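Starting from the known structure of chain A, fit chain B onto it as the hints suggest.
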Amino acid sequence: MTADSHSVGAEIPRDLDEALSLPQKLRALRSSLTRAIFTASEDRLFLLLAILIGILAGLSVVCFRVAIEWTKLVLLGASVSPHAPRVFLAPALAGIAVAVLAIRAFPRARGSGVNQTKAAVYVRDGYIPFSTVIGKFITCALAIGSGQSLGPEDPSLQMGAGIASALGRSLRLSRKKVRLIAPVGAAAGLAAAFNAPISAVLFVIEEVIGTWSAGVLGAIVLAAVSSVVTMRYFLGPDSLFRVPPIRVSHPSEFIGYVVLGIAGGFAALAFLKWIAYFRPKMMNLPRWSRYLQPAAAGLIIGLIGIRLPQVMGAGYFVIDQALHGQFTWRLLLVLAVIKIVATGLSFLSGTPGGMFAPTLFIGAMLGGAVGGIEHHFFPQRNATLGTFALIGMGTFFAGFLRAPITSVFMVIELSGNYSAALPVMVASLIAYVISRRYQKVPLFDLLTRQDGLILPSIEELREQVAIVIEDAMEPEGALVVHPEDSAASVIARIGEQKNIPLLLRVRAGEWRLLDQENLNRLATDAGKPHIAAEANSKGPLPMLFRDESIAEALRWIGDWPVLPVVSRADLGQLEGTLSLSDVLKAMQKAAVV
Amino acid sequence: MSEETRQVISEAQAGVMEELPGPPQATSSPRYSREAVLIITLVILVVLSVVTAFVARFYHNKIRSLADQWFAEGEAAFQAGDAKQALVDYRNALVYAPDNGDFQFHLAQALAAVGQGEQAQSYLLTLLAESPGSGQINLALARIAAHSGSKSDAINYYHRAIYGVWEKNPLGTRWQVRRELCEYLLSQGALTQAEPELIALGDQVPPTDITRLKITAGLFLRSTLSNRALNEYQLVLNDEPGDDEALGGAGTAAFHSGRFAEAIYYFEKLSPQKRADPEFASMLETAHQVRDADPYEGGITSREKATRAMNALRQAQSRVRECAQPQNSSSQSGSQNANSGSGANLEDLNATSEKMQSELHESDLMRDPGRIDAVMSLVFQMEDAAEHACGMPSAGPDRALLLIAGVHGGGNR
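In the order they appear, the protein sequences are chains A and B. Going by my numbering, the residue at position 293 of the first sequence is 293; the numbering climbs one at a time, nothing skipped. Going by my numbering, the residue at position 132 of the second sequence is 132; the numbering climbs one at a time, nothing skipped.
Okay, chain A solo, but in the shape it has when bound (with noise of 0.2 angstroms):
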């Protein structure tokens, strides 16, 4: 039985209907939705999980944001700018905390989040134990909400993804699945966390999946969506920030945002290399220093937080009065200087926490300090501080984060306008190819090779080139024979070409292989004259187009040696051939390219 037939209304026949009592009824009703829900396949069974783990991650988010808030609350009090002594001593203290707990209870919630899940998809089949999920939880409220500069949105990527892990290992959920379904509670995380359905789908296919996957993208999106859904029902639907009506009204004023790309890639350079340089050398310092690290961090940032609160935690206060053109742009040139050193301490420090929302804050500050400066010299130019800071955002995230397309996508969905949509892609492009061109290997993709693993990269997978069937086919390689060719012409047309393939054109778009050596004996029958289709062939032969990829010809290739090419437009014209040794020659020569 398929599992279409489980529907509840086919399981009591109208005269059996009209049989049973009511409470009979309920208990048929009860017992054939059960059945349709727990005997589904394991496809239908996944969106049904996707949307769950979309609820369930949402609900923790909203959680995991107002413990963050509270935390804040107790530690740091009610004000923008706190006293002092609170300024000074919660982040240190709380690091103390943060690390005994993430050393010696939850040694999986060190770090971000984001590479960590990556690593569990493609390392550990999806397995993330429900044990770092409590762990990020408490880590990073206690973490975020005393003031270290990190932010919620990659934690909340992990707990999803260790969510959705737990889940799909509980219901005993193939390897193939439970590896699947972490991904599905990633997006639904971070999701809920940057109340961003599109950029979160998005950030995880390129940053976790690592590559465009079909078979998962409807889960992760109906996580997404329900994650969001859920998220904006307890803590409403504002945005973390609010962004300004932006306005694009001159193309002069496309300079300024090619200025911004510049400054945001090397900004970015800047940031990556030094994480770069420094992580390995604090991971290698005594094991017993990795206690008093996001201590020593806490307290660098509680001396900064004296003058400067605005780069503690996340910062989403800060990044909306950037938008709103609330501060000049020297004090926007230094809050995005200090928030790199700030978010460097925090992370190198090993202290839980995300890169996402200092990234935004940086390129916040930074696109309104180069709005401010372009404005300062240019007082007649339109854009406003706020476009510069939102367009900044997208272009430190696209330089540091390397996710360009999320980029562009993120600051369409924060602005929803797509007069946005040029200018980001403009500076983010520029800020992608500069930090692309002077660091090789991605942030995430760096991490994790920092901890020994190599994992897919959507930037490797973008740069590979594609050898399609075109690269590696023959155009000469066979001898097209039409049905009504006589034997002895066919062999005649061979001529010194022996051991050419005979493809016999059937009608258009069947194709078969003819016997050469039957084709021979036909020729040489002295009885009576023979046509070539009387021959033995071989067939249907599976057809290939030249704009296919090498890939798919090999799946098709089979023991055939070889397969016709042929045209889109007409399947009955031949454009080549292809055999296995075709294959071999043109990916060796891509190899040595």
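It is possible that part of the hints are untrue.
[Unchecked claim] Some chain A residues well away from chain B (every beta-carbon gap over 10 angstroms; in silico): (1) Ser60; (2) Val62; (3) Pro245; (4) Phe254; (5) His324; (6) Pro483; (7) Glu484; (8) Pro501; (9) Gly539; (10) Asp570; (11) Lys585.
[What the hints assert, rightly or not] Covered by chain A, per the in silico footprint, the following chain B stretches (three or more residues, Cβ under 8 angstroms): (12) 89 to 98; (13) 119 to 131; (14) 183 to 197; (15) 346 to 352.
Calculated from the structure, these hints are not laboratory results. None of these values were measured; they are calculated from a predicted model. Idealized CB from N, CA, C, for every residue including glycine.
Coordinates of chain B only, in the frame set by chain A:
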């Protein structure tokens, strides 16, 4: 794999591999069936939803109370005149309610109060983008523009505020905003722009609203619309005939309108304390002088007219001579060189007047009252030239003659 990558991996493996999680746990030995797990998950989901709802509600209440608390503190500080502290408190309030337009508006006001007009303007413009018809926001922007000297912006925002949306008492508030605009324009000396606004302001005042009638009349008095001011004050006096403020205003308005008899009437009805006011006393005295010197006053005899005309001529001669004398004595000094032309003019006028005086007698004027005009025309010319050369006399008969000239003959006045 590149050499660089291999190197990175080997370095990392040496140091951090012990941190990586262990191998995946077996997933093939579940304790519960799939059905049980799903049911447990649903139960967990329900429980977690309830907990989250409780937590979220508690959180929202806390955030709301924090926002209100900071806002209240900001209000208290602002009322106490501590705009700096209010600014901090309003900022704190906005952390917890960033979309609250009221908080933003108050923050903008605090910013304006501490002299951060640009930031205040930025906040207000953001708010204005959301509510372009808000009278309150436009008024605040108008005040900032007025303070920063941007007159056209100020007028523009004042107009938007007048025609904007006001939730409480829209008619009364619009009238107050227009009054503020009138005061601003008058303070800027923009009488041409002020007068239509003043007329609109006056038209919106019901004749029974004494307070507003007085305000409007006071503003009319500051412009050139003295007649309108007199009308408004008269409306007040209809209801409150003994109102000193209205009597003083009406007297002043009548005085400036050249209606000196009415001015005397109102000034004389003032209470003794008010009449002692130097400004009123001076105007009353001048009004009396005008009344006594004016040959055109109705109800006087031909003899009296002729006498007044001849007195006026003598007074003008005296004024011209007084004015011409110091000029002649200091005609060598460079500072007076510019007035040498007017000095010559004064002498010519004096000569003309002397000739007229020698040729005319009071009896001639009595016989031919039309010649009074010729005498008075010369008088007005002489007083005008003297004023031009030596300045406006603050009081006395010459001032009276100038005022008569303003009413009857001084076309340029």
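- Task: Find the hints from earlier in the document that the structure breaks and name them by number, from lowest to highest.
- Result: 1, 2, 3, 5, 14 and 15
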